[in-house]
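K.L.:
Residues per chain, in single letters:
There are 2 protein chains.
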Amino acid sequence: MEKKQGDRTYMFANPPALIGAKSVVGPKEAAGPVGQYFDLKIDDPLFGETTAEKAERRFLIEATNATLEGANLAKDQIDFFLAGDLLNQIVSASFTARELRLPFLGLYGACSTMAEGGMLAGFLIDGGFAQNVLVGVSSHYQTAERQFRYPIELNIKHKLSAQYTVTGAGAFLYAKGGDGPYLKGVTVGKVVDYKIKDPSDMGAAMAPAAADTILQHFEDTGREPDYYDLIFTGDLGKVGMQLVNALLEQCGTRLGSNYQDGGVMIFGGDGAFGAGGSGCACSAVITAGYILRELAAGRLKRVLLVGTGALHSPLTWQQGESIPGIAHGIVLER
Amino acid sequence: MEKKQGDRTYMFANPPALIGAKSVVGPKEAAGPVGQYFDLKIDDPLFGETTAEKAERRFLIEATNATLEGANLAKDQIDFFLAGDLLNQIVSASFTARELRLPFLGLYGACSTMAEGGMLAGFLIDGGFAQNVLVGVSSHYQTAERQFRYPIELNIKHKLSAQYTVTGAGAFLYAKGGDGPYLKGVTVGKVVDYKIKDPSDMGAAMAPAAADTILQHFEDTGREPDYYDLIFTGDLGKVGMQLVNALLEQCGTRLGSNYQDGGVMIFGGDGAFGAGGSGCACSAVITAGYILRELAAGRLKRVLLVGTGALHSPLTWQQGESIPGIAHGIVLER
Numbered sequence: 001m002e003k004k005q006g007d008r009t010y011m012f013a014n015p016p017a018l019i020g021a022k023s024v025v026g027p028k029e030a031a032g033p034v035g036q037y038f039d040l041k042i043d044d045p046l047f048g049e050t051t052a053e054k055a056e057r058r059f060l061i062e063a064t065n066a067t068l069e070g071a072n073l074a075k076d077q078i079d080f081f082l083a084g085d086l087l088n089q090i091v092s093a094s095f096t097a098r099e100l101r102l103p104f105l106g107l108y109g110a111c112s113t114m115a116e117g118g119m120l121a122g123f124l125i126d127g128g129f130a131q132n133v134l135v136g137v138s139s140h141y142q143t144a145e146r147q148f149r150y151p152i153e154l155n156i157k158h159k160l161s162a163q164y165t166v167t168g169a170g171a172f173l174y175a176k177g178g179d180g181p182y183l184k185g186v187t188v189g190k191v192v193d194y195k196i197k198d199p200s201d202m203g204a205a206m207a208p209a210a211a212d213t214i215l216q217h218f219e220d221t222g223r224e225p226d227y228y229d230l231i232f233t234g235d236l237g238k239v240g241m242q243l244v245n246a247l248l249e250q251c252g253t254r255l256g257s258n259y260q261d262g263g264v265m266i267f268g269g270d271g272a273f274g275a276g277g278s279g280c281a282c283s284a285v286i287t288a289g290y291i292l293r294e295l296a297a298g299r300l301k302r303v304l305l306v307g308t309g310a311l312h313s314p315l316t317w318q319q320g321e322s323i324p325g326i327a328h329g330i331v332l333e334r
Numbered sequence: 335m336e337k338k339q340g341d342r343t344y345m346f347a348n349p350p351a352l353i354g355a356k357s358v359v360g361p362k363e364a365a366g367p368v369g370q371y372f373d374l375k376i377d378d379p380l381f382g383e384t385t386a387e388k389a390e391r392r393f394l395i396e397a398t399n400a401t402l403e404g405a406n407l408a409k410d411q412i413d414f415f416l417a418g419d420l421l422n423q424i425v426s427a428s429f430t431a432r433e434l435r436l437p438f439l440g441l442y443g444a445c446s447t448m449a450e451g452g453m454l455a456g457f458l459i460d461g462g463f464a465q466n467v468l469v470g471v472s473s474h475y476q477t478a479e480r481q482f483r484y485p486i487e488l489n490i491k492h493k494l495s496a497q498y499t500v501t502g503a504g505a506f507l508y509a510k511g512g513d514g515p516y517l518k519g520v521t522v523g524k525v526v527d528y529k530i531k532d533p534s535d536m537g538a539a540m541a542p543a544a545a546d547t548i549l550q551h552f553e554d555t556g557r558e559p560d561y562y563d564l565i566f567t568g569d570l571g572k573v574g575m576q577l578v579n580a581l582l583e584q585c586g587t588r589l590g591s592n593y594q595d596g597g598v599m600i601f602g603g604d605g606a607f608g609a610g611g612s613g614c615a616c617s618a619v620i621t622a623g624y625i626l627r628e629l630a631a632g633r634l635k636r637v638l639l640v641g642t643g644a645l646h647s648p649l650t651w652q653q654g655e656s657i658p659g660i661a662h663g664i665v666l667e668r
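First to last, the protein sequences are chains A and B.
Just so we're aligned, residue 1 is where the first sequence starts under the numbering used here, counting upward by one.
Just so we're aligned, residue 335 is where the second sequence starts under the numbering used here, counting upward by one.
Calculated directly from the structure, the hints in this document are not laboratory data.
Don't take each hint at face value.
What the hints assert, rightly or not - To be clear about the criterion: a stretch of chain A counts as covered by chain B if any three or more of its residues have a C-beta under 8 Å from a C-beta of chain B, and this derived list gives those stretches: (1) 78 to 88; (2) 97 to 110; (3) 244 to 257.
Heads up, the beta-carbon is just placed ideally off N, CA and C, and yes, glycines get one too.
Take the sequences, apply the hints, and build the full model.
P.N.:
Given below as C-alpha cells:
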C-alpha cells in the first residue's frame, strides 16, 4: 500500500474480491430502463408490511439474506456487517443487524454509504482483519419523503431539480481471495460545501464533492479519465451530473461518454422522477444489478464508482444551513 | 493478528498509540464528581451560539481542534477523521468535518460511537493504511431532549430510570508509533435485543449487549476480569450497570470493584440526573479526561472500555419496536 502524505487514494496490495451482491427493488425501479438487471423485484412497495419503515428494513434483510445464500457461507464466516441508510439513527441498518446477528458497524454517509462501506470492507480485508465483509444499504421513497420532505399523502408537487428516492436495497459481499471483480482501491472523500441551500436541488449540493473526489483520484493515481470504461457517480441526477462535467472542465478534465450517473440511469429521462433517482439504494442497486453483471460479462473492465452523499438534515435546513456534500470513490476491475 | 472463526476480538500486531485526546464539557458535567479531569469547561451550554445544535457542533469543533493543536500535527498528516453523534443524519459530525476539511467517514453507533471509531482507527493504523486517525463524538442535553423526548421548555418530569444526556465532546488522536497508552485490541459488538421498549430505561436496553461483548472478550482472549484494573462501560447508568452485573453472574462471571460505568461516574449519585449520564460524549469525555490521565499517571495500567449504544429512533419506538443495543470493546494499556 503506497500513498503520499495528503493523498486520499489507497490501492490495495491484495485487492478484495466482490464474491456476491444482490439488488432488491420496488415496482418503479423494476419498470425503469435498467429494470431487467435487478435480482429481486417486489411489486408491493410496502413489501407486505404495515409501515414504510418496516418495508425498507424488509428490503435490506432480503438483499443481505439473498447475498449470503448466494455465496453459500455460514454466518460465522462473516466477520463484519457494515450498513447504513438515510433514516434517523439508521434504524433500517441496525434492525437488520439485529436479525442477522453479525458483528456490526453502523455507517452514515447518506447516499454515499455503499461506497463508504465498500471502502471499509477493503481496508478490513486487505489489512488482514477479515475474510468476508457484508455491506448493505437501503432507501425507500415513502420513508424518505416523510422524513425529509412531506408525507406522500399530501401529494406535494416537487421542483424539476428534486430527486426521487429509490425504493430498494443492495448488499455486497467482499472477500479475501476469490474470483473478481476486484476492489482495487479507494479514494476517501472530504466534505465539500458550495453553499447550496435548496434540499430540492441535492444534485447541485453534491456535485462539488463528486468533482473533488474524481480530480483527487486522477491526481493521486496519475490516471486519465479514459483509463476507465465507466466513471459512475451516484446519485447526482441530471442537474448534478451536468455540474460535475462543468466543474471538471473548469479544471481541464473532460469526461466523455464513459461518464454515467446512477440517478439519471435508474429512471431514464422520465420527468415524473424530477432530476432522477436518489437514496442509498440508488447507486447500490445499479452497482449490484447492472455494473457487476457487465463486469462479469466482460463488457466493462475498469469502473470508478463515486458514491455521493448530501450530509444535511431537515433541521439544519430549517436552521438556514447549506448542504454539505461528500463523495467516496471505489475502483472495481475485472 | 490472530483470530479464530467466530471470535470477535482482534489483538493488534502493532498497537496504535493514543497520542492525544481532549474533553470539552458543559457546566453540569464540570460540576460533577469527575469535573476536575476535563480539559475545557464551558460555562454556557449554548457556547455562545443561537441554537443547541450549533452549540453541540461547537463543542465537537473545539475538542477536535484542541486535540490537533495539542499533537502539533499539520492537517495533511491526518489520514482520516471518523466521527458521529446522536443527531439525525449525524449533522454534528458532518458539519465539523466540513470545518476540518479532513478525509471523513461518518459513523453511527449511538453512544458506542467513540468505541466504534477507536476500533476502526485501530484497524486503519495496524492495517498499514494510516499514520494518524482523529476520532470525534459529541452530544448535548438540549439537542437530545428535543429530538428524542420533549423540548426542555416543557419541563417534563423524567422517570428515575431515565438518563441525562451529557453536554460535551471528546476527540482522540490515534497514531502509528508514539508513546502509549496503546490500543491493544478490540472486540466487535453484535446487536442484542432483550425486548426492552421503554426509552426511559435505555440502560436496561443496552445492558445485554454490554454483557455479551464482555463475555465474548473474555472467551476470545482467555482473560479473567481481574486482568483489568478497570472495566468501564459507557453509558449504562445505575440500572444498566446493575443488570450487567446480574447478567454476568448468571454466566458465572463476577466483576469486582474494578467495574465502573461512565453514566454513573459523570454525575455521581445525584438523583437530579436520573439513572446517570448518557450520550456519545459521556464515555468519551471520561475516557479523554479521566481514564487517559490515570493511564498516563500509572494509576491504571489495563483498561477494557466497552462503549454501549441504544440503536432505536423515536419513530421505531412510536411504531412499537423494542430497543436494540450494541457494545464495542476496546483495550487500552500503558
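K.L.:
For the region 97 to 110 of chain A, do at least 3 residues have a Cβ located nearer than 8 Å to some Cβ of chain B?
P.N.:
holds (count 12)
K.L.:
Would you say the region 244 to 257 of chain A counts as covered by chain B, given the rule of at least 3 residues with C-beta under 8 Å?
P.N.:
Check failed, 0 qualifying residues.
K.L.:
Are 3 or more residues of the region 78 to 88 of chain A near chain B, judged by a Cβ distance of less than 8 Å?
P.N.:
The restraint on the region 78 to 88 of chain A holds, since 5 of its residues have a Cβ under 8 Å from chain B and three suffice.
The structure is inconsistent with hint 3 alone, although it conforms to all the rest.
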